[in-house]
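**Student:** Sequence:
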Amino acid sequence: MVMVDLHCHLLPGVDDGSKSMEISLRLAREAAENGVTHALLTPHHMNGHYINHKQDVIQRTAEFQEQLKKHNIPLTVFPGQEVRINGNLLTALDKDDILFADTGNKYLMLEFPDDDVPHYTNQMIFDLQQRGIVPVIVHPERNTKIMAKPDLIYKLLEKGCLSQITASSYVGTFGKKVEKFSRQLIETGQGYVFASDAHNLPGRKYEMKQAFIKLNQEFGSTITKQYQKNARTIINGGIVPFNELQIINKKKKFWFF
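Oh and the sequence shown: position 15 is 15 in this note's numbering, straight run, nothing missing.
Quick caveat, the hints were computed from the structure, so don't treat them as lab data. Here a beta-carbon is modelled for each residue, glycine too, at the ideal position from N, C-alpha and C. Incorrect hints may appear among the rest.
[Stated by the list, open to error] Calculated cross-link-like contacts (lysine-lysine; reagent style BS3-like; alpha-carbon spacing at most 30 Å):
no.	residue 1	residue 2
1	Lys95	Lys159
2	Lys70	Lys155
3	Lys106	Lys159
4	Lys54	Lys95
5	Lys177	Lys155
6	Lys205	Lys106
7	Lys106	Lys176
8	Lys145	Lys177
9	Lys159	Lys70
10	Lys145	Lys70
11	Lys155	Lys106
12	Lys176	Lys149
13	Lys177	Lys205
14	Lys145	Lys205
15	Lys95	Lys149
16	Lys54	Lys106
17	Lys54	Lys205
18	Lys209	Lys225
19	Lys95	Lys70
20	Lys214	Lys176
21	Lys159	Lys177
22	Lys205	Lys225
23	Lys54	Lys229
[Unchecked claim] With beta-carbon atoms standing in for the labels, derived distance ranges:
no.	residue 1	residue 2	range
24	Lys95	Ala62	41 to 47 Å
25	Ser221	Thr91	42 to 48 Å
26	Ala148	Lys209	30 to 36 Å
27	Lys229	Gly48	32 to 38 Å
28	Ala148	Glu22	36 to 42 Å
Build out the structure end to end from the sequences listed, making use of the hints.
**Tutor:** Encoded structure:
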């Protein structure tokens, strides 16, 4: 079966992910062991720390694919970017320096700062959609502002964005709060795909298999298959059906008289 990982940091020496080819190959073997057959390589781009230009990523991805073949690792990789939302994003698009999840330039893997949703987000989302781009918001379950104000992600999904939940978040690697919020996003239709977001950091390994087993146990085979199909659809540039969204209920207040 084809399993697609839309978000990982396997390219060596380009960001806070893998630091060497040896580590990259180890992560690739982990991916294959987790059932991943195809991976979109998404180094950070324009996040204030790392710049990974489109042509550089394309070249490095081709070189990495050769190493995978040489070491008999059954993983097919594609060039991508984890693009930080920023004021220069539209200019970068105009300069053809942005990679998408698909070759048709439809799905953009879009990252927010860890603790913020910038004030210009709605306008940027509108501008991207005017260009026919569907933003896929990566790991919203780990954004502290979204965790505090879940309506932020709800409204973006209402506008036509998609969301990608990190597999490790759902299985509890980032703590109980993130695990709980991941589950809430899934049960309210506010999640669309799992991805590994694998790094060479403690707790940032491949846990895709574990996440899908848990998803099947808690929500059933239909949603499990849908998450896997959505990832394949995104990388193929197809049309992902929108979920029926529900609002995450905040804790009820009890009044005593």
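**Student:** For each hint, tell me whether it holds in the structure or not.
**Tutor:** Verification of the hints:
1. Taken as a hint, the Lys95 and Lys159 pair is honoured in the structure, with Cα atoms around 26 Å apart against an allowance of 30 Å.
2. For the proposed pair Lys70 and Lys155, the alpha carbon gap of about 46 Å is over 30 Å, so the pair is violated.
3. Proximity of Lys106 to Lys159 is assessed by CA-CA distance (about 16 Å); at most 30 Å being required, the pair is judged to hold.
4. Taken as a hint, the Lys54 and Lys95 pair is honoured in the structure, with Cα atoms around 10 Å apart against an allowance of 30 Å.
5. With a CA separation close to 21 Å, the supplied pair Lys177 and Lys155 stays within the 30 Å bound.
6. Taking the CA atoms of Lys205 and Lys106, the gap is about 28 Å. The hint holds against a cut of 30 Å.
7. Of the supplied pair hints, the one linking Lys106 and Lys176 is violated, its CA atoms being roughly 34 Å apart against a limit of 30 Å.
8. The hinted pair formed by Lys145 and Lys177 meets the criterion: a straight-line CA distance of about 13 Å does not exceed 30 Å.
9. The hinted pair formed by Lys159 and Lys70 fails the criterion: a straight-line CA distance of about 44 Å is larger than 30 Å.
10. For a cut-off of 30 Å, the pair hint linking Lys145 to Lys70 is broken: about 44 Å separates their Cα positions.
11. For the hint pairing Lys155 with Lys106, the CA-to-CA distance comes to about 20 Å; that is within 30 Å, so the pair holds.
12. Proximity of Lys176 to Lys149 is assessed by CA-CA distance (about 18 Å); at most 30 Å being required, the pair is judged to hold.
13. With a CA separation close to 19 Å, the supplied pair Lys177 and Lys205 stays within the 30 Å bound.
14. Between Lys145 and Lys205 the alpha-carbon distance is near 25 Å, which keeps this suggested pair within the 30 Å criterion.
15. Under the criterion of a C-alpha separation no larger than 30 Å, the hint pairing Lys95 with Lys149 is inconsistent with the structure, at around 35 Å.
16. Taking the CA atoms of Lys54 and Lys106, the gap is near 16 Å; set against the 30 Å cutoff, the hint holds.
17. For a cut-off of 30 Å, the pair hint linking Lys54 to Lys205 stands: about 25 Å separates their Cα positions.
18. Note on Lys209 and Lys225: the hinted pairing holds, with a Cα-Cα distance of about 13 Å set against a maximum of 30 Å.
19. Our distance criterion of 30 Å between C-alpha atoms is broken by Lys95 and Lys70, whose separation comes to about 34 Å.
20. Proximity of Lys214 to Lys176 is assessed by CA-CA distance (about 15 Å); at most 30 Å being required, the pair is judged to hold.
21. Between the alpha carbons of Lys159 and Lys177 the distance comes to roughly 26 Å, so the proposed pair stays at or under 30 Å and holds.
22. Restraint check: the Cα-Cα separation between Lys205 and Lys225 comes to about 22 Å, which is no more than 30 Å; the hinted pair holds.
23. The suggested pairing of Lys54 with Lys229 holds, with an alpha-carbon distance near 27 Å, which does not exceed 30 Å.
24. Checked against the hint of 41 to 47 Å, the C-beta distance between Lys95 and Ala62 comes to roughly 22 Å, which is inconsistent with it.
25. In this structure the supplied range 42 to 48 Å holds for Ser221 paired with Thr91, their Cβ-Cβ distance being about 44 Å.
26. The hint said 30 to 36 Å for the Cβ distance between Ala148 and Lys209, and at roughly 31 Å that hint holds.
27. At about 34 Å, the CB distance of Lys229 to Gly48 agrees with the hint of 32 to 38 Å.
28. Between Ala148 and Glu22 the Cβ separation comes to about 40 Å, which falls inside the hinted range of 36 to 42 Å.
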